[in-house]
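Could you put together the complete structure from these sequences and hints?
2 protein chains.
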Amino acid sequence: VGAYGSGGLACSAEAARAADEHDELASARQLFALPDTMIYLDGNSLGALPVQVGPAVTDLVDRQWGQQLITSWNVNDWWRLPARVGDRIGRLIGAAAGQVMCGDSTSVQLFQALVAACRMRPGRGTILTDADGFPTDQYLADAVAELLELKVVRLHPGELAAHLSDDVAVVSLSQVDYRTGELFDAAAITEAVHAAGALMVWDLCHSAGALPVELDAIQADFAVGCSYKYLNGGPGAPGYIYIAARHLDAAVLPLTGWHGHRSPFQLSQRYSPAPSIERARIGTPPVLSMAALDAALTVFDQVSLAAIRRKSLALTDLVIEFARTRLAGFGVEVATPLPHDRRGSQVSLRMPAAYEVCQELIARGVIGDFREPDLLRLGFTPLYLSYADVYEAMDRLAEVLADGSYADGRYANRTVVT
Amino acid sequence: VGAYGSGGLACSAEAARAADEHDELASARQLFALPDTMIYLDGNSLGALPVQVGPAVTDLVDRQWGQQLITSWNVNDWWRLPARVGDRIGRLIGAAAGQVMCGDSTSVQLFQALVAACRMRPGRGTILTDADGFPTDQYLADAVAELLELKVVRLHPGELAAHLSDDVAVVSLSQVDYRTGELFDAAAITEAVHAAGALMVWDLCHSAGALPVELDAIQADFAVGCSYKYLNGGPGAPGYIYIAARHLDAAVLPLTGWHGHRSPFQLSQRYSPAPSIERARIGTPPVLSMAALDAALTVFDQVSLAAIRRKSLALTDLVIEFARTRLAGFGVEVATPLPHDRRGSQVSLRMPAAYEVCQELIARGVIGDFREPDLLRLGFTPLYLSYADVYEAMDRLAEVLADGSYADGRYANRTVVT
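Residue numbers (our numbering), protein chains in the order written: chain V, 1 to 418; chain R, 1 to 418.
If you're looking for bench data, these hints aren't it; they were derived computationally from the structure.
Just to be clear, a hint being listed does not mean it is correct.
[What the hints assert, rightly or not] When the alpha-carbon atoms are kept at most 20 Å apart in a straight line, the in silico EDC-like pairs for lysine to aspartate or glutamate are as follows:
no., chain 1, residue 1, chain 2, residue 2
1, V, K151, V, D166
2, R, K151, R, D132
3, R, K151, V, E149
4, R, K151, R, D167
5, V, K151, V, D167
6, V, K151, R, E149
[As the list claims (entries may be wrong)] Chain V is faced by these chain R residues, among others (derived, beta-carbon under 8 Å):
no., residue
7, P35
8, A143
9, L255
10, L267
11, Q269
12, I367
All C-beta atoms, glycine included, are put in the ideal place defined by N, C-alpha and C.
This is the structure:
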């Protein structure tokens with residue numbers, strides 16, 4: 001048991017260094033290329049570059065595409081790449097093989113999942129979704145409801161019991177709130193949704209790769225996610241969809257590209273979906289981006305999600321302790337739940353002038369991000385962050401707040417930040 | 001005027017070499033990396049690798065992602081990449097700036113276009129599509145019809161007049177038949193569709209980059225396409241959508257990802273589409289694949305589509321002349337129309353044992369592809385093919401047919417070919 005994560009932690013640079021000496025994940029840092037001058041607390045927006053990606057992409061471009069061209073669909077097995085990467089992701093989200101397909105964007109996959117799930121509950125007229133959920137999740141619930149003539153009800157996941165009824169077709173939630181970092185009880189929620197006869201669609205964008213997810217064990221129905229956050233697949237890396245094996249025959253997906261056909265190379269006039277997760281293919285997959293993701297995921301062959309979760313909680317414990325003991329005087333509040341079982345892998349700090357503070361922190365080499373209206377959002381990836389890094393980042397935050405120069409107008413013109 | 005393309009061409013190796021000496025596109029070959037041992041006639045499936053792609057991808061991975069991480073959305077302007085690449089494509093398909101958005105797959109873009117177009121013609125109940133069209137185009141017409149409670153009628157584009165009525169909402173066609181290489185008259189068809197009060201959706205997969213396309217001039221409504229064929233964007237490179245400027249306010253797209261929102265960074269609960277082509281964004285774009293495409297498109301800064309079209313027709317004239325004079329005895333028929341204005345940039349040869357002949361040709365270094373049931377499909381990219389290459393390819397085809405060893409059972413087990 002290290003200094004953090006066990007309660008009563010000593011919030012000091014010395015204690016952080018001591019914790020690093022016993023860090024079971026310390027060697028994972030060498031699997032990533034990161035600038036030495038930056039403390040990167042934004043792996044929940046874009047994960048860092050795994051060192052295996054560069055050579056894999058070069059091989060894909062120069063040899064597979066450049067030299068072998070169209071024959072690579074066979075000789076380099078591009079055809080099976082989406083399912084192979086899907087299964088790799090499946091191992092990180094508790095899905096047995098043959099239930100996860102990689103491809104397209106999270107938005108597209110969520111559309112697929114929502115339409116398929118709603119169609120499996122004909123006669124029911126309501127989709128429930130999180131009123132504080134990521135915008136795309138809300139927008140797509142509305143879009144699907146319009147196409148299928150349903151209605152959408154927004155709620156907080158804590159109020160779910162009061163909204164479940166025999167009119168609810170589908171409940172669509174993110175497992176971790178993207179703003180506050182609150183972790184929801186996926187097992188209990190899925191069970192309650194099933195008890196009401198509805199189906200559950202989980203958005204794993206902020207949980208996959210950050211903590212153990214057990215889709216099969218909790219009997220999830222559908223799930224989707226991105227691969228550019230904690231899975232480190234690169235900017236705009238492909239999304240994925242999980243369809244529980246028991247639903248594979250019944251899931252009627254709306255985007256009927258030829259790759260999902262039962263016999264794609266017959267090039268027939270009528271669509272007949274593959275009797276497997278292959279039906280979740282759509283068109284030609286983004287091979288280049290997917291090869292990068294495939295290489296990035298090899299990181300997880302060498303570490304356990306349990307170890308990642310242990311260190312993640314220890315790091316966020318440190319941050320929360322620091323904020324409560326040393327930043328409260330600056331009006332900083334911890335927006336992330338304190339109990340471990342309700343916390344993802346981020347800490348969001350509510351504060352006045354959060355935008356300006358975030359910009360000044362970036363100028364001082366600590367990369368976090370701002371979320372409207374007043375949150376400084378800090379993500380923690382145990383694979384490439386040390387305890388000393390995190391302590392140093394918090395120390396710089398304290399300096400920024402004490403200094404106060406962020407408020408002198410230098411950040412008056414807000415620019416695009418994702 | 002060279003030896004080919006002007007009628008009465010001399011179908012010989014000498015004439016081909018002579019034509020190469022006057023080839024205005026000869027220098028474009030150096031813009032591509034291609035193995036010297038291969039004659040590549042499958043650029044209509046996967047274009048060859050432009051030499052600028054490798055360095056661009058390495059820069060994207062190592063510097064932009066690896067070193068600048070999340071800040072690249074601003075400092076490397078990833079945010080505007082989809083619209084920037086969209087405009088680059090727009091210049092090749094006759095679209096003024098602000099009407100083309102790059103991203104996702106052709107399938108997804110076609111779904112967007114079909115739904116938006118059908119919604120603009122409420123009360124009309126029919127989608128017309130090509131009975132010989134690419135399978136995805138037919139499958140998606142069916143999928144959209146099911147969602148919007150419409151019906152689909154399949155036809156041959158030549159029969160369009162007989163099917164147009166005030167019940168037709170949308171006509172969806174590929175400009176070039178993917179099997180036969182037949183080129184349809186986009187201007188006349190679009191005009192007829194408009195005269196019936198319907199909207200036109202063009203699939204440009206087999207025309208963009210191969211010949212001049214003039215979307216604005218013909219008053220097209222919507223168009224979609226891929227970028228991995230004649231645009232040379234790489235395997236699974238992103239698709240694109242064209243929405244005519246006059247329709248941008250009325251086009252209600254079904255895939256409402258947050259990137260298409262009027263004010264995406266407000267992260268608001270309700271979707272409100274951007275009042276521009278930005279509404280055609282969906283989720284986070286595949287930055288890696290799109291950066292490769294962006295670099296690939298620089299090839300077209302150095303050549304004109306008119307020159308590409310001239311040489312393309314000369315090359316396909318050569319192939320057709322060769323087939324008619326020297327292959328007819330083997331039961332080979334030209335399935336591609338002979339008139340220039342009805343021919344894309346491919347020649348499809350109908351023959352017995354087309355699958356086996358195609359495989360044997362590949363074994364002898366000439367890469368074409370097979371299309372069910374009896375077509376050898378040869379694509380011609382004037383940017384990296386010489387007249388001598390094409391003559392040599394046809395000569396090897398004649399050898400394969402004369403030899404007959406392809407029929408000895410060596411290709412009895414058919415494998416996946418895309």
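To see whether the hints hold, each was checked on the structure:
Between the alpha carbons of K151 of chain V and D166 of chain V the distance comes to roughly 14 Å, so the proposed pair stays at or under 20 Å and holds. The straight-line distance between the Cα atoms of K151 of chain R and D132 of chain R is roughly 18 Å, inside the 20 Å bound, and the hint therefore holds. Of the pairs offered as hints, the one joining K151 of chain R and E149 of chain V holds, with about 18 Å between alpha carbons and a cut-off of 20 Å not exceeded. Of the supplied pair hints, the one linking K151 of chain R and D167 of chain R holds, its CA atoms being roughly 10 Å apart against a limit of 20 Å.
A C-alpha spacing of about 10 Å is found between K151 of chain V and D167 of chain V, which places the hinted pair at or below 20 Å, so the restraint holds. The hinted pair formed by K151 of chain V and E149 of chain R meets the criterion: a straight-line CA distance of about 18 Å does not exceed 20 Å. Hint status for P35 of chain R: holds, given a least beta-carbon distance of 5 Å to chain V, under 8 Å. Interface hint at A143 of chain R: satisfied, since its Cβ lies 5 Å from the closest Cβ of chain V, which is below the 8 Å cut-off.
Checking L255 of chain R against chain V by beta carbon gives a least distance of about 6 Å; that is within 8 Å, so the hint holds. Using the Cβ-Cβ criterion of 8 Å, the hint placing L267 of chain R at the interface with chain V is satisfied: the shortest such distance is roughly 5 Å. Proximity of Q269 of chain R to chain V holds as hinted, the smallest CB-CB distance being about 6 Å (cut-off 8 Å). For the restraint placing I367 of chain R at the interface with chain V, the shortest Cβ-Cβ distance is roughly 6 Å, inside the 8 Å limit, so the hint holds.
No hint from the list above goes unmet by this structure.
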